[in-house]
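**Student:** Residues per chain, in single letters:
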Amino acid sequence: MKCKNARRLQNRYADGECTDPVEVFGIEEHLAGCAACRASLEEIRALRRILVRAGGTVTAPAPTDEIMRRYHQGKRRVLLPGRPFGLVPFAAAAAAVILLIGTIGILNEGGEASVGQYLLRNMSETEVAYLAIGGGIYPHEFYAR
Amino acid sequence: MKDFVERYYGRVYNLCCSFVRDRDEACDLAQDVFVKLLGRIDSFRGEADLSTWIYRIGVNTCIDALRKSKRRATEPFDERCHDTARADDFTEKAAVSEMVRDALMGLPVKYRTVVILREFEGRSYREIADVLGCSVGTVESRLFRARELLKRILHPMIRREVDHEV
Chain A
1 MKCKNARRLQ NRYADGECTD PVEVFGIEEH LAGCAACRAS LEEIRALRRI
51 LVRAGGTVTA PAPTDEIMRR YHQGKRRVLL PGRPFGLVPF AAAAAAVILL
101 IGTIGILNEG GEASVGQYLL RNMSETEVAY LAIGGGIYPH EFYAR
Chain B
146 MKDFVERYYG RVYNLCCSFV RDRDEACDLA QDVFVKLLGR IDSFRGEADL
196 STWIYRIGVN TCIDALRKSK RRATEPFDER CHDTARADDF TEKAAVSEMV
246 RDALMGLPVK YRTVVILREF EGRSYREIAD VLGCSVGTVE SRLFRARELL
296 KRILHPMIRR EVDHEV
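Residue numbers (the numbering used here), protein chains in the order written: chain A, 1 to 145; chain B, 146 to 311.
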């Protein structure tokens with residue numbers, strides 16, 4: 001085995017991940033005759049010891065109640081995936097459109113019927129709101145179920 | 146569910162402490178990890194080992210947080226992250242630990258991750274590959290590069306360690 005191959009295998013060997021007996025034999029044979037690769041392997045082992053010592057173990061009490069609270073809060077939100085504020089934006093948009101239609105209606109009072117007046121005369125507020133949020137014409141057959 | 150949190154919190158918190166140096170940030174991250182774990186626990190089919198699944202979500206959460214915060218290696222070290230490094234007992238051991246942590250934090254995230262999983266968490270190459278969703282060869286290659294970088298940065302310390310061992 002050449003130094004290049006031995007260096008490539010050294011990490012695996014140092015980590016005890018070299019399971020192929022042929023590879024193990026090859027690297028051990030090379031290490032026995034190569035001081036430079038032996039030194040390199042020792043450096044890897046030394047680095048590992050240093051890292052393990054620096055790792056340490058941190059102890060901290062588990063904030064279980066806080067985690068459970070956040071988990072249950074998240075579960076409620078799952079009912080409206082991707083809508084952290086629920087239907088509030090839709091309701092606000094619908095209210096704005098109704099207000100706009102009403103305003104147009106008042107301004108056009110006495111003149112020709114506006115679109116707003118027409119809509120309010122012929123559709124319920126729910127239907128107008130549904131139209132406002134991009135739902136199209138209110139599906140009566142769906143509503144009737 | 147509370148038992149699950151109690152049982153695995155220490156492990157997840159330690160993992161988070163390895164990625165970020167601020168203890169409060171690690172605590173927030175560990176909470177994020179558990180909220181995700183609890184939310185997805187129904188989808189855990191037992192195809193992977195439970196600890197691998199926990200590490201996978203933990204590591205991904207930490208990496209996402211690092212990307213978002215664009216954390217730099219020059220940030221000050223938080224002593225509180227180590228029981229061995231208390232401010233009133235700032236020994237040489239703690240100073241060494243700080244230098245090692247600094248070196249680790251300076252590595253690209255993909256290299257740092259394999260070192261944390263291998264050296265701090267004691268995972269095998271196969272387990273690391275499963276956690277990261279890559280091949281064992283990729284783990285080996287990243288670990289090789291990570292150690293080459295660390296050997297360069299920590300060379301004097303490694304020399305002392307080798308001499309001490311001899």
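Treat the hints with care, since some could be wrong.
[What the hints assert, rightly or not] If we take Cβ atoms under 8 Å as the criterion, some of the chain A residues that face chain B in the derived model are:
| hint | residue |
| --- | --- |
| 1 | L41 |
| 2 | R48 |
| 3 | G74 |
| 4 | T103 |
| 5 | I104 |
[Stated by the list, open to error] List time: in silico EDC-like cross-link candidates among lysine to aspartate or glutamate, alpha-carbon distance up to 16 Å:
| hint | chain 1 | residue 1 | chain 2 | residue 2 |
| --- | --- | --- | --- | --- |
| 6 | A | K4 | A | E29 |
| 7 | A | K2 | A | E28 |
| 8 | B | K296 | A | E42 |
| 9 | A | K4 | A | E28 |
| 10 | A | K2 | A | E17 |
| 11 | B | K255 | B | D209 |
| 12 | A | K2 | A | E29 |
| 13 | B | K238 | B | D209 |
| 14 | B | K147 | A | E66 |
| 15 | B | K255 | B | E293 |
| 16 | B | K181 | A | E66 |
| 17 | B | K181 | B | D247 |
| 18 | B | K147 | B | D194 |
| 19 | B | K296 | A | E23 |
| 20 | A | K4 | B | D173 |
| 21 | B | K213 | B | D247 |
| 22 | B | K296 | B | E266 |
| 23 | B | K147 | A | E43 |
In case anyone wonders, no lab produced these hints; they're calculated from the structure. Quick reminder that beta carbons are idealized off the backbone N, C-alpha and C, glycines included.
**Student:** Hint by hint, note whether the structure agrees.
**Tutor:** For each hint, the structure was consulted:
For L41(A), the suggested interface contact is broken, since its CB lies about 10 Å from the closest CB of chain B, more than 8 Å. For R48(A), the interface hint holds, the least distance from its beta-carbon to any beta-carbon of chain B being 6 Å, beneath 8 Å. A hinted interface residue such as G74(A) counts as satisfied when its beta carbon comes closer than 8 Å to some beta carbon of chain B; here the least separation is about 6 Å, so the hint holds. For T103(A), the interface hint is violated, the least distance from its beta-carbon to any beta-carbon of chain B being 44 Å, above 8 Å.
Checking I104(A) against chain B by beta carbon gives a least distance of about 45 Å; that is not within 8 Å, so the hint is violated. Of the pairs offered as hints, the one joining K4(A) and E29(A) holds, with about 14 Å between alpha carbons and a cut-off of 16 Å not exceeded. A threshold of 16 Å between alpha carbons decides the hint, and for K2(A) with E28(A) the separation of about 12 Å falls inside it, so the pair holds. A distance of roughly 11 Å separates the Cα atoms of K296(B) and E42(A); the hinted pair therefore holds under the 16 Å criterion.
As the CA atoms of K4(A) and E28(A) are separated by approximately 14 Å, the hinted pair is consistent with the 16 Å bound. This hinted pair does not check out: K2(A) and E17(A) have alpha carbons roughly 20 Å apart, beyond 16 Å. Restraint check for K255(B) and D209(B): satisfied, since their Cα atoms lie roughly 12 Å apart, inside the 16 Å limit. Our distance criterion of 16 Å between C-alpha atoms is met by K2(A) and E29(A), whose separation comes to about 11 Å.
Between the alpha carbons of K238(B) and D209(B) the distance comes to roughly 31 Å, so the proposed pair goes past 16 Å and is violated. Of the pairs offered as hints, the one joining K147(B) and E66(A) holds, with about 11 Å between alpha carbons and a cut-off of 16 Å not exceeded. This hinted pair checks out: K255(B) and E293(B) have alpha carbons roughly 14 Å apart, not beyond 16 Å. Of the supplied pair hints, the one linking K181(B) and E66(A) holds, its CA atoms being roughly 14 Å apart against a limit of 16 Å.
Between the alpha carbons of K181(B) and D247(B) the distance comes to roughly 29 Å, so the proposed pair goes past 16 Å and is violated. The hinted pair formed by K147(B) and D194(B) fails the criterion: a straight-line CA distance of about 20 Å is larger than 16 Å. At roughly 24 Å between alpha-carbon atoms, K296(B) and E23(A) are farther apart than 16 Å, so this suggested pair is violated. Only pairs whose Cα atoms come within 16 Å are accepted, and K4(A) paired with D173(B) is rejected, the gap being roughly 44 Å.
Distance check on the hinted pair: K213(B) and D247(B) sit about 20 Å apart at the alpha-carbon level, beyond 16 Å; violated. At roughly 20 Å between alpha-carbon atoms, K296(B) and E266(B) are farther apart than 16 Å, so this suggested pair is violated. Distance check on the hinted pair: K147(B) and E43(A) sit about 44 Å apart at the alpha-carbon level, beyond 16 Å; violated.
The structure is inconsistent with the numbered hints 1, 4, 5, 10, 13, 17, 18, 19, 20, 21, 22 and 23, although it conforms to all the rest.
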